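Novice: Sequence:
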Amino acid sequence: MTNRGASGQAVLTEPAAAAGQPRWAVRRPWQGLVLAVLTAGLWQLAFAPVDAWPVAYVMLVPWAMAVATARRMRGALLFSALAGVLTFGLGLYWLTWITPGGYLGIMVVVAVYWLVSAWALRRSLAAGVPAWLALPVVWVGLEYFRSVGPLGFPWFLLGHSQHSLPRLIQLADVTGVYGVSLVVGLANGLVLDALLAWPARPRRVKVGSAVLAAALAGLLVYGSWRLSQDTTSPGPTVGVVQGAFPVALGVQGADDQEVLDTHIDQSRRLMDAELDLLVWPETVLPWSVDEDWGRYDLDRLTPAGQRLVQGQVRMQRQLAELLAEMDVPLIGGGMTRRDLPGPEDELFNTALQLRARPGPDGPSLEVVARYAKMQPVPFSEYVPFGRSVPWLHGFIRQFVPPSMPQLTPGAGPVVFGLVDGRGQSWRLATPICYEGVFGSVCRKLATRQGRKAIDVLVNISNDGWFIWQRPGGDHASLELDQHLAVYKFRAIENRVPVVRAVNTGISGFVDSNGRLVARLTDEAGRSKMATGVAVHQVLVDRRRPLYAVVGDLAGALCLAGLGGLLLVPTLKRLARRRARTP
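FYI, the numbering used here numbers position 103 of the sequence shown as 103, with every residue one higher than the one before it.
Hints listed in this document are in silico derivations from the structure and should not be mistaken for laboratory results. Keep in mind that the hints are not guaranteed to be accurate.
[Unchecked claim] If you anchor each label on the Cβ, the simulated ranges turn out as follows:
hint: 1; residue 1: Ala210; residue 2: Arg72; range: 43 to 49 angstroms
hint: 2; residue 1: Pro29; residue 2: Ala560; range: 34 to 40 angstroms
hint: 3; residue 1: Val389; residue 2: Val207; range: 46 to 52 angstroms
hint: 4; residue 1: Val207; residue 2: Arg542; range: 39 to 45 angstroms
hint: 5; residue 1: Asp522; residue 2: Phe395; range: 42 to 48 angstroms
hint: 6; residue 1: Arg387; residue 2: Leu220; range: 25 to 31 angstroms
hint: 7; residue 1: Arg542; residue 2: Arg355; range: 24 to 30 angstroms
hint: 8; residue 1: Arg448; residue 2: Gly473; range: 17 to 23 angstroms
hint: 9; residue 1: Gln229; residue 2: Arg28; range: 53 to 59 angstroms
hint: 10; residue 1: Arg427; residue 2: Pro54; range: 25 to 31 angstroms
hint: 11; residue 1: Arg357; residue 2: Arg427; range: 45 to 51 angstroms
hint: 12; residue 1: Val50; residue 2: Trp468; range: 14 to 20 angstroms
This structure is a prediction, so every number in the text was calculated from the model and none was measured. Ideal placement from N, C-alpha and C gives every residue a C-beta, glycine not left out.
Turn these sequences into a full structure, and let the hints guide you.
Specialist: The following block contains the structure:
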């Protein structure tokens with residue numbers, strides 16, 4: 001029920017059971033604060049690694065109850081801002097030791113996102129829209145909005161909470177993760193309706209229950225059908241190597257030689273594995289491994305320059321000898337540069353496909369293909385507006401540590417070719433680290449004109465940034481688990497297996513149905529901060545997902561639906577005016 005406040009704005013009245021209004025209203029500010037804190041706590045349980053997935057179906061209810069029943073809009077906004085900052089502040093704690101400024105900036109953005117969600121939800125409910133419809137449309141529409149563009153942040157989407165339930169998430173090959181988010185949001189909205197409208201409006205709850213039952217049944221039927229399909233065949237045999245090298249700005253870590261030696265030693269354990277492809281993580285290759293370091297005249301260099309060139313030549317020779325000995329191509333990550341006419345070089349975060357090339361003086365490295373990261377991490381790897389708004393770029397750059405190298409985004413997707421030991425050809429694409437959280441980026445890598453363009457998605461990452469180095473021992477943060485969970489959706493959306501090689505973990509293999517079928521572990525059974533290898537023959541999938549054609553249309557439709565919900569009060573006022581007009 002609504003009435004008019006002093007300003008004339010519609011507000012939800014304080015409930016009274018006798019009048020058929022909700023019993024669970026916020027009557028005191030502390031109650032709203034408790035509800036906001038409750039949502040933040042439930043949120044941490046719903047996502048990886050706790051994976052208490054049923055909690056996701058109710059975790060937004062305390063927040064939504066506080067928003068819907070607060071006596072004034074400003075109270076609803078206060079409770080919502082608190083819920084958002086606590087929810088993401090706790091969930092993203094692993095940013096605090098990497099970029100405190102970035103962490104605070106994200107909290108501001110998150111607070112605004114939750115404020116808009118509260119305003120839109122409250123406005124929709126006040127207009128008589130059932131919560132089972134309003135909440136999922138509002139939430140998922142804004143999930144999509146905060147996920148697009150170079151500054152997008154598609155972390156903690158509602159659908160990600162269901163990653164451990166393959167049967168429920170197969171719809172992602174049609175709608176992306178947003179279809180799963182919608183069903184989770186619908187469940188939250190139905191519970192809210194049961195608290196707000198029952199028993200005064202039983203029909204609303206019954207209709208919502210029927211819609212939710214149909215949605216869940218649809219997910220299960222579709223998921224069961226997809227999982228029962230026999231559409232896979234043996235693909236290449238891939239070996240992944242994982243090191244355990246934490247990374248931190250201003251902290252002296254392992255040098256290039258130590259990192260290379262570790263990966264070479266671990267790779268030799270796979271000598272008899274009959275591999276078709278060897279995969280190393282992001283940024284573990286020697287500096288500018290694609291450069292011909294042998295061209296330099298040592299006599300013209302300073303002693304420091306001589307040591308640099310000699311070290312790079314030595315490491316390139318080591319790597320070439322390994323690949324020649326194993327007779328296998330390598331995909332790995334490294335920083336590369338391209339000389340420009342100007343005073344500076346462009347720097348790229350690159351995935352390189354390398355192989356050994358025989359020569360009279362021994363094997364040398366050949367770069368078969370390369371792909372430069374198209375979507376660097378904003379405000380760390382990449383400060384935007386460098387050319388479009390230079391003054392704004394310069395202002396923001398002050399808040400990014402000077403030691404953080406600035407990357408140039410890659411020009412576009414690249415498909416790597418691979419021929420296995422049976423003479424079969426395969427196509428691969430290599431999303432680098434953070435790129436994999438964007439369904440749109442992986443779709444761009446995996447498809448051409450709506451058709452599947454690859455057979456395997458090879459993700460190389462360096463999650464060493466998310467290891468907290470402390471005197472009592474390193475802490476492997478929850479980011480590692482959350483990152484892996486997201487890639488299950490990328491596998492389903494594109495119907496391709498995903499191979500992950502990740503510094504510090506979690507490395508492994510996800511099949512085209514989003515199931516983790518193999519995980520790298522060390523002798524102690526650890527997957528995080530572990531050094532080791534894993535081998536798996538991936539199964540390629542011949543299915544062509546509809547997501548390849550429509551992309552994130554489901555998310556865009558929810559955003560459009562949100563716009564429609566916001567028009568409902570205006571349309572109702574117009575209808576009343578026309579009814580009063582003789």
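Novice: None of the hints should be skipped; say for each whether it holds.
Specialist: Okay, the hints, checked on the actual structure:
1. Look at alanine 210 against arginine 72: about 34 angstroms separates their beta carbons, and that is not inside 43 to 49 angstroms.
2. Separated by about 35 angstroms at the C-beta atoms, proline 29 and alanine 560 satisfy the suggested range of 34 to 40 angstroms.
3. Between valine 389 and valine 207, the C-beta spacing of about 49 angstroms keeps the proposed range 46 to 52 angstroms intact.
4. The hinted window of 39 to 45 angstroms between valine 207 and arginine 542 holds, with their beta carbons roughly 40 angstroms apart.
5. Checked against the hint of 42 to 48 angstroms, the pair aspartate 522 and phenylalanine 395 passes, with Cβ atoms roughly 45 angstroms apart.
6. About 50 angstroms separates the C-beta atoms of arginine 387 and leucine 220, a value inconsistent with the hinted range of 25 to 31 angstroms.
7. Between arginine 542 and arginine 355 the CB atoms are about 28 angstroms apart, so this pair conforms to the stated range of 24 to 30 angstroms.
8. At about 47 angstroms, the CB distance of arginine 448 to glycine 473 disagrees with the hint of 17 to 23 angstroms.
9. Taken as a hint, the range 53 to 59 angstroms holds for the pair glutamine 229 and arginine 28, whose Cβ atoms sit roughly 55 angstroms apart.
10. The hinted range of 25 to 31 angstroms is not satisfied by arginine 427 and proline 54, whose Cβ atoms lie roughly 39 angstroms apart.
11. With their beta carbons about 22 angstroms apart, arginine 357 and arginine 427 fall outside the hinted range of 45 to 51 angstroms.
12. The supplied range of 14 to 20 angstroms is met by valine 50 and tryptophan 468, whose beta-carbon atoms lie about 19 angstroms from each other.
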